[in-house]
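Build the full structure now, drawing on both the sequences and the hints.
Number of protein chains: 2
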Amino acid sequence: MIKLNENYNKLPGNYLFTEIGRQVNAYQQANPDKRIIRLGIGDVTKPLTGKVISSLKEVVLDLEKNVHGYGPEQGYDFLRNKIAENDFRSKGVNIADDEIFVSTGAKEDTANFQELFSSDIKIAVPDPVYPVYVDSNVMAGRGGVYKGGRYTDFVYLECNQENNFIPELPKQPVDLIYLCFPNNPTGQVATKDELKKWVDYARANKALILFDAAYEAFIREDNIPHSIFEIEGARECAVEFRSLSKTAGFTGTRLSYTIIPKELVVYDNDGKAYELHKLWLRRQTTKFNGTAYLIQKGAEVVFTPEGKAEVDATINYYLENARIIKEGITKLGISSTGGINSPYVWLKTPANLSSWDFFHKLLNEVQVVGTPGAGFGLCGEGYFRLSAFGEKSNVEEAIDRLVKLKF
Amino acid sequence: MIKLNENYNKLPGNYLFTEIGRQVNAYQQANPDKRIIRLGIGDVTKPLTGKVISSLKEVVLDLEKNVHGYGPEQGYDFLRNKIAENDFRSKGVNIADDEIFVSTGAKEDTANFQELFSSDIKIAVPDPVYPVYVDSNVMAGRGGVYKGGRYTDFVYLECNQENNFIPELPKQPVDLIYLCFPNNPTGQVATKDELKKWVDYARANKALILFDAAYEAFIREDNIPHSIFEIEGARECAVEFRSLSKTAGFTGTRLSYTIIPKELVVYDNDGKAYELHKLWLRRQTTKFNGTAYLIQKGAEVVFTPEGKAEVDATINYYLENARIIKEGITKLGISSTGGINSPYVWLKTPANLSSWDFFHKLLNEVQVVGTPGAGFGLCGEGYFRLSAFGEKSNVEEAIDRLVKLKF
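In order, the protein sequences belong to chains A and B.
Using our numbering, you'd call the opening residue of the first sequence number 28 and step up by one each time.
Using our numbering, you'd call the opening residue of the second sequence number 28 and step up by one each time.
Fair warning: there could be bad hints in the mix.
Since the list can't tell identical chains apart, any single copy or any two copies may satisfy a pair.
[What the hints assert, rightly or not] Pairs of lysine-lysine, DSS-like flavour, derived with a Cα cap of 25 Å:
| no. | residue 1 | residue 2 |
| --- | --- | --- |
| 1 | Lys224 | Lys335 |
| 2 | Lys233 | Lys84 |
| 3 | Lys305 | Lys219 |
| 4 | Lys224 | Lys198 |
| 5 | Lys219 | Lys289 |
| 6 | Lys92 | Lys358 |
| 7 | Lys198 | Lys335 |
| 8 | Lys118 | Lys289 |
| 9 | Lys335 | Lys118 |
| 10 | Lys149 | Lys37 |
| 11 | Lys37 | Lys358 |
| 12 | Lys73 | Lys84 |
| 13 | Lys299 | Lys233 |
| 14 | Lys219 | Lys299 |
No lab work stands behind these hints: they were computed from the structure.
Structural data, given as structure tokens:
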């Protein structure tokens, strides 16, 4: 008899963004004349940049004549080199070309990475958190029981107004730590000193940090590290995930990369060490057949001076939106974090509304879609995420509409 | 302490094709003047067809102006509809649009699908076998111990000259059955009667069949089913995997699709049934962010009459290569299967050479690369796979070179 992975039954309801999509679609169907402004899911609204388009045009002409079949599962050398050089070495961060693994998405890689580890390791996740870290570990049986909005076997790193949304070190030993800065959903960033604390903890405890840097390109302040590898010792205890989704507009084009230093080891029950780099290579060569050549070529130009200038311009556009949102809600007396080195503004819901009540109020009264903080964890209750991905005119209108909310 | 998934230690050596690539590269470096003909890995040698290229050109122009961001994880409706209509409904096979899940590769989907099941189910795999079915289950802890070339916990469905490479039903109960027709690596096909036997078995035993139909487009004989869903009852017991890799030349462009009928259920320990369709949707929405819009648009035209005609022409080209290989080796007195409804010719190694000895002999003496049968399992020992993906002139030259082999 074919039996279910019963861990799936421990997942409550739908994937967050699927559920929001369902509710928004239902509202639109019931109210076809209403114009909804979506500042919910973190999807970009600017098309691919000119350099990427030019490159794609060239590659299609190449593909007309030439075969580019199965590529290396870990990505083409031309792209791995460009990434390592531009994102890291040119900034004084020591990363080798073959420590870069190209993939189709940071969602995929952050979800799949836990496969490399024993099922009995202790997981630490931020709260609020990008749901993929949690759900992928629950599916793998590491969650324990879901009770009162939390899994009994996870250690939750609480982020709230009291600690300025920077979690404290766990009080009990943990083995795998998910961190994300600039943070999704809170928009908060971490200084070098704050990250150093985590690196020191991980090294002292033989723990591993999975560092999600999908939003690093939004950092504009000088003292904020873009990579965990700017921190001394991180090569011994951290993996970093990056993506072109939010930077070069690849949400629907799909390209990400994961950085695995060769120093990293994991241990068997006898304490023998194994290279993590080799394990991920084995995983990828067995279960993945590489990112499309076409898309890797399109991505390559993002790492040229012109490509980087275009990305910067796009991000500045979104950051201006973030500024408008933050300024607008501040005027309404709503407090928030993020929105400076991040496309996300994380606001405290007014009138002590619950996250979902505020979601429904926004949708029903002013047709603005955001993301209920509670969808990201218990600590997200009473908060709400607005995304700066949108047309400036829509963002401005959304803020104008918010003024009309009645409490 | 961060601990390894110790199942990875049960995997012997490298992934087969990575290992072959390594050996071929080493030979080429040591012998830079030799021209190697590669009939090893099943990679296509014809570029994307004209219709696909035209579509890609159009989409790039569209992407220049318009944003196509995160798409549905299960694929765009425009493509799911085309697939269901053209591959199935137009041929009298009842498959609904939303039973199609678009993905980036049949390797990915066949590797990931086992995640949906309990770790203690009994797995049946063909021998010889596409290594991904085996390795992905070993990584998930279902293999037991690797001993004498086999895993103690798998049931091996032996395919050999005696049974004409069509396996018999297992003698002990199994829960999950991997089948692949036209087969990789043997090139063998199964008749409706033969598949009916498996469908009946699966229904009677509440087992599930994972049917890999990546090579269905190579079928030219009338009495051979292209889909397991041509068999009565299969909607209750089978999932089918298809791919554009070997048909429309998408090996480096990455698009596949998986068909999951809504009747399919899996059971918990109490025998309660759960819909498999919903489980895969949950898996995909949590761990996958969809196939690139660009590539889905490129794939869409494969399912138009002109697109299908182009694919047919390409496949006829490869089938002519297969015929040349089969005829050539038959003249040399080498027996084989496949090569008629399949791009693969599976030959008995001459002079009782082992698979790897024959591989090295071919590489060293005549610079032809094939795939050692032993890499596909114990029953592959003494066999060798030649692939018809190649330029006709190269295939002809490879056959000419084979004549020069000395035994």
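Against the structure, the hints come out as follows:
Proximity of Lys224 to Lys335 under the C-alpha cut-off of 25 Å is found in neither arrangement, the shortest distances being 31 Å within a copy and 59 Å between copies. Taking identical chains as interchangeable, the C-alpha atoms of Lys233 and Lys84 are never at most 25 Å apart, the minima being 47 Å within one chain and 50 Å between chains. In this assembly of identical chains, Lys305 and Lys219 lie within 25 Å of each other by CA distance neither inside one copy nor across copies; the values are 29 Å within and 43 Å between. Taking CA atoms no more than 25 Å apart as the test, Lys224 paired with Lys198 passes inside one copy only; the shortest distance there is 14 Å, against 58 Å between copies.
Taking the shortest alpha-carbon separations for Lys219 and Lys289, only the intra-copy value of 22 Å comes in at or below 25 Å, while the best inter-copy value is 51 Å. Taking the shortest alpha-carbon separations for Lys92 and Lys358, neither the intra-copy value of 58 Å nor the inter-copy value of 35 Å comes in at or below 25 Å. Taking the shortest alpha-carbon separations for Lys198 and Lys335, neither the intra-copy value of 41 Å nor the inter-copy value of 61 Å comes in at or below 25 Å. Taking the shortest Cα distances, Lys118 and Lys289 sit within 25 Å of each other inside one copy (19 Å), while across copies they are farther apart (52 Å).
In this assembly of identical chains, the alpha carbons of Lys335 and Lys118 lie at most 25 Å apart only when taken from the same copy (14 Å versus 50 Å across copies). Taking identical chains as interchangeable, the C-alpha atoms of Lys149 and Lys37 lie at most 25 Å apart whether they share a chain (18 Å) or sit on different chains (23 Å). Proximity of Lys37 and Lys358 under a CA criterion of 25 Å is satisfied in neither setting, with 42 Å inside one chain copy and 61 Å between copies. In this assembly of identical chains, Lys73 and Lys84 lie within 25 Å of each other by CA distance both inside one copy and across copies; the values are 19 Å within and 20 Å between.
Taking the shortest Cα distances, Lys299 and Lys233 sit within 25 Å of each other inside one copy (12 Å), while across copies they are farther apart (42 Å). Proximity of Lys219 to Lys299 under the C-alpha cut-off of 25 Å is found in neither arrangement, the shortest distances being 31 Å within a copy and 51 Å between copies.
In this structure, the earlier hints numbered 1, 2, 3, 6, 7, 11, 14 are contradicted, and the remaining ones agree with it.
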